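Q: Sequence:
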Amino acid sequence: MDVKSRHHLRSDAVSELETALEDGLGVTADGDTYELVEFEETDWEVVLIDGEPRVAYFDDEPFLTVRGANAYDPDRRLVTVDAGAVSFVSDGADVMRPGITEATDDIDPDDLVVIAEESHGKVLAIGRARVPGDEMAGDEGKVVDSLHHVGDELYEFSG
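Position 26 of the sequence shown, counted from 1, bears residue number 26 in UniProt numbering, the numbering being contiguous throughout.
No lab work stands behind these hints, which were simulated from the structure alone. Just to be clear, a hint being listed does not mean it is correct.
[Unchecked claim] Ranges of calculated distance between the beta carbons of each label pair, as one might list FRET restraints:
1. Lys4 to Asp139: 38 to 46 Å
2. Val3 to Ala83: 32 to 40 Å
3. Ala71 to Asp139: 28 to 36 Å
4. Pro98 to Thr19: 30 to 38 Å
5. Asp139 to Asp50: 38 to 46 Å
All of these numbers come straight from a predicted model, not from anything done at the bench. Every residue, glycine too, gets a C-beta built ideally from N, C-alpha and C.
Generate coordinates for the entire structure from the input sequences, incorporating the hints supplied.
A: Take a look at the structure:
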């Protein structure tokens, strides 16, 4: 991915970003430097916190990247999948009900969510919920659309 522009965020933009992460995910992003990176030929916008790609904008909404979620360990908007789903989710597949072991009840349709595996709690992907959290586990159906996952271009990007 070729960088189109890169600039430091103003203090008011940093405050808005930190508030959005605290309110939405219960995490505190406390970096010394915040840089916004825009890319050529893609809509990705990434915020580097102390040089690490911790936040991305999905449809103009700031949310943790996979690396950011693994660094900050969110406890809200969390979907947990079983071992059988790990390879599929890690490859960018959408999340199906049978693979879900748990989902927090603060998830509404269209919310961005963190997708983690159950044995070690490692985050595998970021997605957009199709149904409320209390309706995610079940026997059939796609419930989370994958937006970003381990190994994709955003994951591989380093500041």
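Q: So, for every hint listed, does it hold in this structure?
A: Hint check:
Roughly 45 Å separates the CB atoms of lysine 4 and aspartate 139, a value that falls within the hinted 38 to 46 Å. Range check, valine 3 to alanine 83: about 37 Å between beta-carbon atoms, so the 32 to 40 Å window is met. Roughly 34 Å separates the CB atoms of alanine 71 and aspartate 139, a value that falls within the hinted 28 to 36 Å. Checked against the hint of 30 to 38 Å, the C-beta distance between proline 98 and threonine 19 comes to roughly 36 Å, which is consistent with it.
Between aspartate 139 and aspartate 50 the CB atoms are about 44 Å apart, so this pair conforms to the stated range of 38 to 46 Å.
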